[in-house]
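Trainee: Spelled out from the first residue to the last, the chains are:
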Amino acid sequence: EPFRLILTHLEPPLVPNSVMDLAHELGYFENEGVEVELIRVQQTPSALAALSAGEGDMANIGLDALLQLHARGQTDLVAVASPNKSLPFLIAARETIAIPFEQNHSFAIGRVGSLDHGLSLNVLEALGAQTDAIEFVALGQPSVRAQALAAGQIDMTTMSIGVWLAMPDKSGLEILVDPDTYYEAAPVVQKVNVVSREVLETRREDIEAVLRALIALSRDFAADPDFWAEAIAPYAPQLSDAERRELSQSFAQSWSVNGGLNADELQFSQDWLFETPDFDGLDPAPITQWTAFAPLDTILETLGQAPDLDPPAR
Amino acid sequence: MTEKPSQPALEFAGVSKTFDPADARPAVSNIDFALPQGMFISLLGPSGCGKTTLLRLADGLIAPDSGTIAAFGAPPRPGPEIGFVFQSFRLIPWASVAANVEFSLRSLPLSKAERTERALHWLEKVGLSRFAQSWPDTLSGGMKQRVALARAFAPNPSLLLMDEPFASLDAQTRELMQAELLSLWSEQKASVLFVTHSVDEALLLSDTILLMGTRPGRIVETLTVDLERPRDPDAIRADTRFIALRQHLSKKMRELVLSDPQSDFYGR
Amino acid sequence: MTEKPSQPALEFAGVSKTFDPADARPAVSNIDFALPQGMFISLLGPSGCGKTTLLRLADGLIAPDSGTIAAFGAPPRPGPEIGFVFQSFRLIPWASVAANVEFSLRSLPLSKAERTERALHWLEKVGLSRFAQSWPDTLSGGMKQRVALARAFAPNPSLLLMDEPFASLDAQTRELMQAELLSLWSEQKASVLFVTHSVDEALLLSDTILLMGTRPGRIVETLTVDLERPRDPDAIRADTRFIALRQHLSKKMRELVLSDPQSDFYGR
Amino acid sequence: MTALYRLAFLFLLILGWFIASQFIGRNIIPTPLATLQAGARLFSEGRLLEATGQSLAVFLSGFFLATFVAIPLGAMMGAIRPFGKTLDVYVFALAATPRVAFIPLVIVLLGLGIEAKAFIVFLGAVMPILINTYAGVLAADKELVEMARSTGAPQTRIFSHIVLPGALPFVAVGLRIGATIGLINTVVAELYTAVTGLGGLLALYGNTFRMAEYFVIVICLAIIGVVMTEILRFIESRLGRWKMS
Amino acid sequence: MTALYRLAFLFLLILGWFIASQFIGRNIIPTPLATLQAGARLFSEGRLLEATGQSLAVFLSGFFLATFVAIPLGAMMGAIRPFGKTLDVYVFALAATPRVAFIPLVIVLLGLGIEAKAFIVFLGAVMPILINTYAGVLAADKELVEMARSTGAPQTRIFSHIVLPGALPFVAVGLRIGATIGLINTVVAELYTAVTGLGGLLALYGNTFRMAEYFVIVICLAIIGVVMTEILRFIESRLGRWKMS
Ligand SMILES: Nc1ncnc2c1ncn2[C@@H]1O[C@H](COP(=O)(O)OP(=O)(O)OP(=O)(O)O)[C@@H](O)[C@H]1O
Ligand SMILES: Nc1ncnc2c1ncn2[C@@H]1O[C@H](COP(=O)(O)OP(=O)(O)OP(=O)(O)O)[C@@H](O)[C@H]1O
Ligand SMILES: [Mg+2]
Ligand SMILES: [Mg+2]
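Residue numbers (this note's numbering), protein chains in the order written: chain A, 1 to 314; chain B, 1 to 268; chain C, 1 to 268; chain D, 1 to 245; chain E, 1 to 245.
It cannot be assumed that every hint is accurate.
What the hints assert, rightly or not - Pairs of lysine to any residue, SDA-like flavour, derived with a Cα cap of 25 Å:
1. K243/D with G84/E
2. K112/C with A171/C
3. K243/E with L61/C
4. K142/E with V145/D
5. K252/B with L245/C
Derived by calculation from the structure, the hints in this document are not laboratory data. These numbers were taken from a predicted model, which means no experiment stands behind them.
Start from the sequences and build out the full structure, keeping to the hints where you can.
Mentor: What follows is the structure, given as structure tokens:
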């Protein structure tokens with residue numbers, strides 16, 4: 001019976017989260033002796049419904065969704081790894097705009113109170129922008145936000161580097177806040193891989209095999225950035241070889257070579273998230289309630305910890 | 001249906017029917033009559049006096065507000081034993097002429113082949129065998145009426161309710177259809193309740209004529225036609241009894257239409 | 001419409017019409033006749049011979065395949081100058097009886113009040129003023145037919161095309177309606193083309209009778225009725241000329257239905 | 001009587017809901033009671049009313065626009081056959097294309113405000129109304145039309161007095177289906193252009209797993225749908241009085 | 001003649017498209033040529049065909065299921081009035097509720113596979129068919145029904161021979177609208193459960209701004225819609241032969 005891994009993207013994205021697709025593609029799962037089936041859904045809610053329906057064994061979902069569930073008493077799912085702790089977000093805007101803003105601007109977000117809303121507010125504040133001069137417009141999907149920006153209906157928005165690169169015609173637009181600056185201002189874990197407690201018990205070996213494969217590939221990518229640039233090539237026809245290499249270099253620090261679970265980061269992320277309006281009136285749960293370090297710890301014992309990147313604090 | 005010959009084919013006792021509760025006057029009121037088995041009764045009366053309503057009641061298509069109706073001793077139930085020729089022809093537009101006739105045969109235990117054969121037989125009788133596969137919408141008014149006749153005749157009903165069944169036919173075709181009706185009536189011992197506006201036709205065909213008045217619809221006279229059968233259409237017109245009955249009926253009708261204060265044409 | 005009295009109200013020249021191209025025989029074929037202004041012509045013929053088709057052609061509702069038709073010198077165009085009484089009554093079910101009559105008045109330059117008044121006037125003439133606000137579906141067959149008559153009469157047409165307009169009326173009401181028709185015809189100098197199945201009615205009303213045969217529909221005889229007017233319905237039946245014409249027509253009809261190899265009933 | 005049956009059925013529905021809420025995961029189906037409480041809360045906060053107001057404004061403008069475009073256009077397509085035959089394939093093609101596909105275009109042309117949203121509602125509601133009106137006009141009673149022609153009635157009068165009233169049952173279904181699809185598209189529009197109204201709340205509660213609140217919004221939408229279709233039914237029954245007898 | 005007009009209109013459409021592609025903002029409308037090229041590419045890669053196959057399987061199973069449920073149910077609601085009156089408010093309520101709201105539930109009950117997708121298509125297609133059939137049955141010719149009753153025909157025969165054929169024009173529109181909505185819901189289903197088929201490609205190309213490919217998918221959906229409705233129209237015209245004269 002294959003191990004079903006649910007992804008919330010439709011093609012390997014131009015971010016380190018592509019490690020899951022590429023592990024499948026490059027045979028890393030097979031090497032670890034686990035047959036993995038990738039199931040693609042559009043959004044976190046579908047992934048969650050699929051998990052609770054037993055239609056998948058592991059899913060890559062937003063950390064905010066996991067915390068919401070636990071805060072609301074749904075404690076069945078636990079995080080076991082994070083192949084890509086935080087997506088390389090950036091703020092794209094019209095060329096004429098600069099921080100601090102001179103006038104009112106409109107800023108597209110997914111939804112009032114959503115993760116990207118909170119992160120962007122943080123980033124802008126950290127950069128000294130007048131956030132009360134910004135009109136936040138909720139637009140939903142990142143691609144719609146990008147379209148609205150390109151159409152001149154809004155002044156700026158947050159998107160991942162992948163979306164930015166995919167936009168074919170960017171004339172008149174520029175990156176207002178680059179991914180590094182963005183991450184520094186709001187170092188929050190965004191995505192984690194979760195499994196249900198039942199799967200954690202019954203398919204422990206498969207879980208470990210999957211995580212081993214992801215760690216192995218992450219380490220390979222970290223060791224040789226060109227490897228990723230090559231592997232992603234079929235999915236990024238619009239990028240030149242050089243652009244892909246450049247992109248790959250910029251991810252050099254982002255690979256989850258130790259599984260991506262760091263108790264301090266997770267604590268920080270939880271604290272941060274619980275400050276946002278979506279979590280109003282909710283109480284945080286201890287990290288150990290929504291995270292299972294055990295599978296990673298078993299793996300790291302045999303594989304050994306990778307130095308430098310991704311310190312696995314517990 | 002167990003038909004004791006002693007039971008009348010149809011019996012109305014104190015029957016009234018009002019369509020519009022807001023209207024004080026019923027469509028038909030206090031109707032009493034019996035149609036013994038094998039008899040031929042005609043209904044004659046001014047426009048809107050309730051003849052059609054009476055037939056619908058007799059078939060059990062609508063229920064009376066008061067009074068009782070019995071067909072062969074039981075409350076009437078629509079079925080192949082009671083044939084109905086509607087005033088408007090009511091052909092099924094999406095069924096061929098043959099299929100329209102076959103439709104009334106479906107309530108009988110017949111095979112498809114038997115149905116087809118019987119339908120064709122009756123279409124021939126009404127002179128439309130060539131149109132068996134036509135759509136009703138391509139027929140003339142008189143042709144439609146003949147299809148409706150074939151449909152009512154085909155199941156060999158023991159009671160026939162006919163609402164001006166020959167109104168759209170030319171005199172000659174009408175005579176042929178009258179002959180078909182009479183042969184069905186005499187050979188199959190069917191009973192007939194027949195609505196017509198032609199005094200001559202009523203006299204030619206019936207044993208009894210019920211003359212109806214209007215507002216409310218009611219039976220004003222029951223007239224026995226004691227002319228021996230078979231009645232030759234041409235010869236009988238010269239018969240003095242025929243002429244007398246004819247005059248009597250015409251006078252009565254005139255009174256009902258012109259001298260009845262209830263009538264729309266009172267005093268014209 | 002400029003009506004030169006010299007022009008016939010209606011003129012058919014070599015008119016043919018086929019409905020079904022697959023059918024070799026046309027519905028009507030090679031029709032020639034003229035209806036001079038102020039004349040009353042009846043069409044008499046077996047069921048399905050093409051009478052309705054002729055009327056529809058005369059109103060310009062359908063176009064002939066060949067031949068020409070002229071109404072008052074021009075190709076016929078449906079309008080308030082030509083009144084049409086359809087064989088099936090064709091009342092608008094969602095319009096009240098009064099609104100149905102008013103509908104034909106909308107083509108005239110009348111105010112709403114005038115329309116209403118005129119509709120009520122005609123409803124009274126046909127004996128239905130009490131039903132002005134009823135829905136057509138609640139009327140009896142004969143009542144519907146009278147509404148259709150009122151609708152055709154109301155615009156004071158100069159040409160009336162009538163398709164068995166009295167078929168659903170009792171003898172007495174029919175006489176009243178005939179009288180209305182005749183007064184419209186004589187007082188308003190209307191011209192009438194009238195389809196009937198009643199030989200008596202044709203003789204009573206018309207100046208000329210066109211006898212039609214079937215398959216293909218064609219005019220087989222043109223008969224002038226030279227009985228002086230006004231014709232008293234009762235007295236005229238005793239007139240020897242009437243009786244002779246009547247016999248002649250009946251014989252002809254019988255031939256057309258029974259002895260015409262084209263007829264459905266050939267040889268019965 | 002009908003009211004009684006309906007109530008009984010409602011009771012059954014709620015019972016089924018309760019059972020489902022007990023057996024299917026709680027993050028999917030809340031209990032009826034929790035939903036009721038959440039409804040009361042949302043209502044007293046004024047949030048529900050505000051969102052409903054926004055959604056209704058979007059829905060009604062889109063729906064009325066659709067009605068005013070679809071009925072005349074469908075009628076014309078039925079009346080002028082070459083016109084109808086030319087257009088109808090394209091109408092069906094458009095009808096089968098997901099509205100979502102047009103959203104980028106709509107944003108470019110109409111922005112993010114109520115115009116864009118109403119237009120998305122319009123796109124959804126217009127098709128059923130159009131297609132039904134078209135079919136209704138094509139199903140006109142030929143005999144009545146001929147009668148009207150014989151009175152000299154011009155095309156417009158034949159249309160307004162014969163064809164359209166005859167097509168009423170079709171138009172009425174079209175309007176009803178259009179209203180329901182319009183409501184669905186209201187939510188879509190509110191999700192894909194500037195997020196507002198009931199659609200916005202749906203997204204909010206869905207993403208934060210507040211299923212009781214989520215259900216309140218769903219029920220709210222269902223109620224709006226019922227109210228709309230009942231209003232339409234009332235209008236239809238007024239116009240169809242002649243059938244009562 | 002009609003074919004000619006249609007072609008002319010198609011030409012106009014493509015012209016309009018071309019002009020729009022030149023004038024409306026970037027990233028939104030590709031030129032017809034680019035779209036054609038993208039289409040050829042997708043086709044030769046076999047991707048288009050595979051996706052179309054997946055989508056058709058989902059669409060057809062959902063649509064046929066909807067037909068088989070909606071026609072009998074709508075007919076029953078029309079025939080048994082208390083039954084119809086009890087249910088119809090709930091039908092309208094359900095029709096007005098966004099399908100998206102039920103997707104978590106559908107996934108829990110039916111998973112992510114073709115069953116779940118077909119069910120979402122079913123949910124979309126069933127309503128227009130049901131509502132139209134219901135209206136068609138209610139619009140039955142009372143005189144014909146009385147005639148059928150007088151021959152002793154049982155309810156079932158009255159239904160199959162009189163009421164249903166009479167409701168055909170309604171059912172036909174219902175099926176057409178149902179088909180178009182079913183197609184739209186195919187895309188929705190493919191987006192919200194496991195991403196596959198044309199819906200998956202639509203999302204993929206939309207998210208990555210490959211507008212030429214995106215348009216290929218949109219046009220593909222439109223063509224499927226036209227083919228479906230034309231098939232339905234053909235069936236309808238076969239059944240409605242009697243109207244030809
Ligand atoms: N729309 C039509 N399509 C095909 N055939 C038709 C159509 N209308 C009439 N016909 C055919 O034309 C012939 C003449 O029909 P028409 O209705 O004119 O007869 P009619 O003389 O009025 O008969 P009746 O006295 O029975 O009303 C018939 O054979 C009929 O089948
Ligand atoms: N469905 C109905 N709803 C309301 N009133 C009706 C209905 N059917 C008939 N009536 C009324 O009942 C009365 C009798 O109608 P009915 O059809 O029985 O008359 P009839 O004797 O058959 O007349 P005709 O000779 O004109 O056909 C009429 O006044 C008519 O208006
Ligand atoms: Mg009657
Ligand atoms: Mg005729």
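Trainee: Hints numbered earlier in the text: which of these fail when held up against the supplied structure?
Mentor: Violated: hints 2, 5.
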